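Engineer: Place chain B on chain W using the hints.
Protein sequence lines correspond, in order, to chains W and B.
The numbering of the first sequence is this note's numbering, which starts it at 1 and goes up by one.
The numbering of the second sequence is this note's numbering, which starts it at 1 and goes up by one.
FYI, nobody ran anything at the bench for these hints, they're computed from the structure.
Accuracy of the hints is not assured; some may be wrong.
Note that identical chains are pooled: a pair holds if it fits in a single copy or bridges any two copies.
Listed next, the in silico BS3-like pairs over lysine-lysine satisfying Cα-Cα at most 25 Å (straight line) [claimed, not checked]:
| # | residue 1 | residue 2 |
| --- | --- | --- |
| 1 | Lys107 | Lys148 |
| 2 | Lys148 | Lys71 |
| 3 | Lys65 | Lys40 |
| 4 | Lys148 | Lys32 |
| 5 | Lys36 | Lys148 |
| 6 | Lys107 | Lys66 |
It should be emphasised that the depicted structure is a prediction, and the values quoted were computed from it without experimental measurement.
Spelled out, the chains give:
Protein chains: 2
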Amino acid sequence: MKRKVNNDKKSYNLQHSADEAQIRQKMEEHVKALCKIDLKGVMSFYAPYILSFDVEGTYVGVEEKKEAWTKIFSMIEPPLKYEIDELSITAGADVAFASCYNRLLGKLKNGQQIDSRVRYTACFRKYEGGWLIAHEHVSMPIHFENNKAVPDPG
Amino acid sequence: MKRKVNNDKKSYNLQHSADEAQIRQKMEEHVKALCKIDLKGVMSFYAPYILSFDVEGTYVGVEEKKEAWTKIFSMIEPPLKYEIDELSITAGADVAFASCYNRLLGKLKNGQQIDSRVRYTACFRKYEGGWLIAHEHVSMPIHFENNKAVPDPG
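For reference, chain W alone in the conformation it holds in the complex (with noise of 0.2 Å):
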């Protein structure tokens, strides 16, 4: 079932249209380097003390964050594709927040195929050089019955 997101939301939007709009430059420019498998580039978008509530696990700070995404791209055999769908970008003054699902296409080293979407949030702060990710929160719904994992059908 598709479900359109924030479907009543205009009435109240803020007004902080450039600022969603760097937002959503940001998260383009993040799925790009993530495509390059391009570490420096992935971790250019974090604050320092960011707080990953990740898939698989929670990562304080960005050597964690770091080391997670080190360990993943040395599993990864390029080309990686990655997809945003239904976007919603909330920004204010100093502080923002965006939801949307991601999907990742691609394929394993060991030659395992790669196609999981995933639910995110992205919670920004605003710095002096742009808007960085301080909090992020990326999941799959479970299933209570068999505390399985299943992909959210958006």
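Structural biologist: Only chain B this time, still in chain W's reference frame:
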């Protein structure tokens, strides 16, 4: 392993301590409403267009969210205990976000014990009447080997 979240965050603090206090209070009141199984109270904290990436599924708008809480509340045998741990709040002028671990303790009407620890992100928008949750994300990490959920040790 107990890790201090955002331990170097102080130097990045925004100057919105009154808003931070308001959000902290909102979250405490939300927990109180939950423990009282007070559906109307619980719902009063959400913006109309809430996008909820919840543990078991995704809910769009207050009607879907209300339906989800109604179902959960109908299964619970009071009293309910709800603990917030490692709460971190980043409040801007008009947008804010909070992260924490939530532990739910109690039992179902069928006698089954509940002891569930989840990672929680709440994204707030400031309205004339105060702060409301416009987006939230709740999850447990997943082991990729068997696709099973595991409680986050924190």
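Engineer: Reference check for the pair Lys36 and Lys148, CA-CA at most 25 Å: within, between, both, or neither?
Structural biologist: Answer is neither; intra-copy 31 Å and inter-copy 30 Å both fail.
Engineer: From the Cα coordinates, with 25 Å as the cut-off, is the pair Lys148 and Lys32 best called within, between, both, or neither?
Structural biologist: neither (31 Å within a copy, 30 Å between copies)
Engineer: Pop the pair Lys65 and Lys40 into one bin, within, between, both or neither, using alpha-carbon distances up to 25 Å.
Structural biologist: Answer is within; shortest intra-copy Cα gap is 12 Å, inter-copy 39 Å.
Engineer: What label fits Lys107 with Lys66 when the C-alpha limit is 25 Å: within, between, both, or neither?
Structural biologist: within (21 Å within a copy, 40 Å between copies)
Engineer: Classify it for me, Lys107 with Lys148: is the Cα-Cα distance of at most 25 Å met within a copy, between copies, both or neither?
Structural biologist: both (22 Å within a copy, 21 Å between copies)
Engineer: If the cutoff is 25 Å on CA atoms, where do Lys148 and Lys71 land: within, between, both or neither? Let me know, please.
Structural biologist: both (24 Å within a copy, 20 Å between copies)
Taken one by one, the earlier hints fail for this structure at numbers 4 and 5, listed in ascending order.
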